[in-house]
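> Produce the entire structure from the sequences given, and follow the hints as far as they go.
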Amino acid sequence: MSKRTINGVSRRNVLRSGAGVLAAGVLSAPMVHAQGTGGTLRCGFWDHWVPVGNDVMRRLCAEWGQRNRVEVQIDFITSVGNQNLLTIAAQAQSRSGHDILSFPTWEPSAHARLLEPVDDVVGRLVAKYGAINPIAEYLAKREGSWRGIPAVSGSQHKPSLGRFDLLKQHAGIDVQAMYPAANQVGPGVDQWTWDNFLVAAEKCAQAQVPFGLPMGSFTDAVDWVGALFRSYGANLVDERGNVTVRNNPAVRTALEYAVRLCRFLPNDVYAWDDASNNRALISGRSALIFNPPSTWAVAKRDAPQVAEKCWTFPMPAGPAGRFTPYLPYFWGIWSFSRQKPAAKGLLEFLSEREQAEAQTTTSSGYDIPPFGTMSDFQIWATEGPPTGVVFNYPLKPHHNAQQNIAFAPAPAEIAVQGYNQAINTKMIARVAQGGETVDQALTWAERELRNFARG
Amino acid sequence: MPADTLTAGRTPATHAPGSGSLQRFARRRSTIAFLMTLPLLAVIVGLVAYPAGYGIYLSTLNRTMVRNIGFGNYEILFDTDTFWSVAWQSCIFAITAVLLKALIGFWLAHMLHHIPAKGQRKWRGMLLVPWVIPPALSTLGWWWMFDPTYSSINYVLSIFAVPAVPWLGEPIWARIAVIMVNVWYGAPFFMIMYLAAIKSVPEQLYEAAAIDGANGWQRLRYVTLPMMANIISITVLFSLIVTFANYDIVRVLTNGGPRDLTHVFASYAFQVGILSGNIPRGAAVSLFMLPILAVCAFFVLRGVTRRNKEQM
Numbered sequence: 001m002s003k004r005t006i007n008g009v010s011r012r013n014v015l016r017s018g019a020g021v022l023a024a025g026v027l028s029a030p031m032v033h034a035q036g037t038g039g040t041l042r043c044g045f046w047d048h049w050v051p052v053g054n055d056v057m058r059r060l061c062a063e064w065g066q067r068n069r070v071e072v073q074i075d076f077i078t079s080v081g082n083q084n085l086l087t088i089a090a091q092a093q094s095r096s097g098h099d100i101l102s103f104p105t106w107e108p109s110a111h112a113r114l115l116e117p118v119d120d121v122v123g124r125l126v127a128k129y130g131a132i133n134p135i136a137e138y139l140a141k142r143e144g145s146w147r148g149i150p151a152v153s154g155s156q157h158k159p160s161l162g163r164f165d166l167l168k169q170h171a172g173i174d175v176q177a178m179y180p181a182a183n184q185v186g187p188g189v190d191q192w193t194w195d196n197f198l199v200a201a202e203k204c205a206q207a208q209v210p211f212g213l214p215m216g217s218f219t220d221a222v223d224w225v226g227a228l229f230r231s232y233g234a235n236l237v238d239e240r241g242n243v244t245v246r247n248n249p250a251v252r253t254a255l256e257y258a259v260r261l262c263r264f265l266p267n268d269v270y271a272w273d274d275a276s277n278n279r280a281l282i283s284g285r286s287a288l289i290f291n292p293p294s295t296w297a298v299a300k301r302d303a304p305q306v307a308e309k310c311w312t313f314p315m316p317a318g319p320a321g322r323f324t325p326y327l328p329y330f331w332g333i334w335s336f337s338r339q340k341p342a343a344k345g346l347l348e349f350l351s352e353r354e355q356a357e358a359q360t361t362t363s364s365g366y367d368i369p370p371f372g373t374m375s376d377f378q379i380w381a382t383e384g385p386p387t388g389v390v391f392n393y394p395l396k397p398h399h400n401a402q403q404n405i406a407f408a409p410a411p412a413e414i415a416v417q418g419y420n421q422a423i424n425t426k427m428i429a430r431v432a433q434g435g436e437t438v439d440q441a442l443t444w445a446e447r448e449l450r451n452f453a454r455g
Numbered sequence: 001m002p003a004d005t006l007t008a009g010r011t012p013a014t015h016a017p018g019s020g021s022l023q024r025f026a027r028r029r030s031t032i033a034f035l036m037t038l039p040l041l042a043v044i045v046g047l048v049a050y051p052a053g054y055g056i057y058l059s060t061l062n063r064t065m066v067r068n069i070g071f072g073n074y075e076i077l078f079d080t081d082t083f084w085s086v087a088w089q090s091c092i093f094a095i096t097a098v099l100l101k102a103l104i105g106f107w108l109a110h111m112l113h114h115i116p117a118k119g120q121r122k123w124r125g126m127l128l129v130p131w132v133i134p135p136a137l138s139t140l141g142w143w144w145m146f147d148p149t150y151s152s153i154n155y156v157l158s159i160f161a162v163p164a165v166p167w168l169g170e171p172i173w174a175r176i177a178v179i180m181v182n183v184w185y186g187a188p189f190f191m192i193m194y195l196a197a198i199k200s201v202p203e204q205l206y207e208a209a210a211i212d213g214a215n216g217w218q219r220l221r222y223v224t225l226p227m228m229a230n231i232i233s234i235t236v237l238f239s240l241i242v243t244f245a246n247y248d249i250v251r252v253l254t255n256g257g258p259r260d261l262t263h264v265f266a267s268y269a270f271q272v273g274i275l276s277g278n279i280p281r282g283a284a285v286s287l288f289m290l291p292i293l294a295v296c297a298f299f300v301l302r303g304v305t306r307r308n309k310e311q312m
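Chains A and B are the protein sequences, given in the same order. Numbered by the UniProt record's numbering, the letters in the first sequence go through residues 1 to 455 in order. Numbered by the UniProt record's numbering, the letters in the second sequence go through residues 1 to 312 in order.
Take the hints with a grain of salt, since some may be wrong.
[Stated by the list, open to error] Some but not every residue of chain B turned toward chain A, in silico, with C-beta under 10 angstroms: (1) Ile274; (2) Asn278; (3) Ile279; (4) Ala297; (5) Phe299.
No lab work stands behind these hints, which were simulated from the structure alone. Because the structure is a prediction, the values reported are computed rather than measured. No residue lacks a Cβ here, since even glycine has one placed at the ideal position from N, Cα and C.
Shown next, in the form of structure tokens:
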């Protein structure tokens, strides 16, 4: 039987030719990629809450890759379900994986032995943009060496995010006047203290719009309680690793204050997660939370009538000062990476002002760069409604505030355990909810913290 | 073909010295059996023995994993209040949940058994649904119902003027919620196992019992339960192991809170090991389950063996 042909071309010939073209394409593909390039750089960046936050990272990496003839492969790793922590742990154990990874707050110190020192990059950036904030230094510097570069993408503050209308109506506090969208403070700033915060909390609770302050074991809870304790000078562990809980009057004072404050919070705050406070504000049930502007961004989409009455402003001050919770990400290079120079080049590029501003702008102002000199990006002044809602989200000199991470200045290996096991909020909950005495709660906390230092 | 012809065919000149014994070794039944079980052994060694051994090794390291501290992590855990609280809660959680699952599963199986065969399949399918849904997903659904502020259960209760229940905010309610979800998820497994066991009880035994004048309770007590004893034991043991190792329900529903009062070993091990960056101590927490479960398994399996011998 003769072969079936169409216009003289047999089916077999078509298949043969197709296979040949496919094989040629596959075989030549690596050559095309590798032609004249500096190799492949594999990056695992944090999967941004704001979807376009990933797009800007893709764009910036592609731009740098083209300029330096390096193929940059990017994976975006979510922090949902602690997927990023599991990835870091797996790569650290197997000594293989990406060249660059985004490391959440405590991870650079946990994996310092496996992270390439980046003092040269940080040195050049500091020379250009000034000092990096001390909390980032506390978290990323080990044995005098930077083990990660404080990242722009993903780093956040958690200042006050309040309903200016409700605060004015029920507590008589005009937060827009105190902290206008300008580089100056207004009247009443000196009254923005934890003592007056307690009075405002009581009034708002009576008005059925209580402050939405979580008291569980998630980071929002640990962070704001950490800032509260710090503003009372209440360190649970000192920088040498000594537990300073029981005979520390500052800790007792802060604990007693927090217990009083709990009386004016919703009775289920002990079970709140990081989304509960957001929902409380967006639904109009709460007058104030401590959170990045992501809550406002969601409200802008889902409850615009709430969003247009929101305002971001610094935390109240205590006897030891005013502190803002700060949760930075770091970009680290594994010591087993084969692309260290290229990795350093990319991270330096991403940290430069122009690229940092692109990241912050794309994330609607969410991302906080580590340099104080970068607190003047345009997006923070223009974002709205109301215009200027996030003007006071980054720390500015006139705020007279400092960044804080709970459990600092304890050695990071102790602090990370206290932080993730939420010793500070549990200590409060033991008294406020569990009915223990202050002494019992302090004794419990001291014992837990001592055991963190062992082993 | 005669056997001697075969023997004559295999001349020593065609084989290297010793190859005959090698062939004989390869043809031995034990060798073939070993070779055939080799894939299974490889799986057990690779996926069970090695991870377990590595877990034990990890639990003997210090926090930075550069120094061996023997049983140091266990000593520290024994000195930690939260750990003992977690151990206590794990036992409450596992024992209560398994008992409830067994009782509800038995009751459901008994009910199903008495439904005519035609409609039984439909009910069986519906009752198995909770067990089929991935627990992380179904727990998320429960979490929405228990949500501290927007609980749909509380909404329904409010229609009947019942005050809102702080499902996840109060320790006692949070514990109840966690156990409830575990029972909801696991009871169908017991049901299907028990149903199979009930169906395998010979009808003649019930007929004989009826002739002897046994009532319903006596038939259950002296016929059904003894005939199901082995399957009950094995199911309880299996469920106890799985429930002790439960992670997702606690993680999604309460994250161990409030005040660590709903943590179980697995969720606490994750918090200590992965979140707090102390992998060796996390490994020690998770391995603490091993002796408890080994003791349970020993007694349950001994009972099964004894009953089997009695029946033979």
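> Take the hints in turn and mark each one as holding or not.
Okay, the hints, checked on the actual structure:
1. Because the closest C-beta pair between Ile274/B and chain A is about 6 angstroms apart, less than 10 angstroms, the hint holds.
2. The interface hint given for Asn278/B holds, since its Cβ lies 6 angstroms from the closest Cβ of chain A, which is under the 10 angstroms cut-off.
3. With its C-beta approaching chain A no nearer than about 7 angstroms, Ile279/B sits inside the 10 angstroms limit, and its interface hint holds.
4. Using the Cβ-Cβ criterion of 10 angstroms, the hint placing Ala297/B at the interface with chain A is not satisfied: the shortest such distance is roughly 30 angstroms.
5. Interface hint status for Phe299/B: violated, as the beta-carbon distance to the closest one in chain A is roughly 33 angstroms, over 10 angstroms.
Hint violations for this structure: numbers 4, 5, all remaining hints satisfied.
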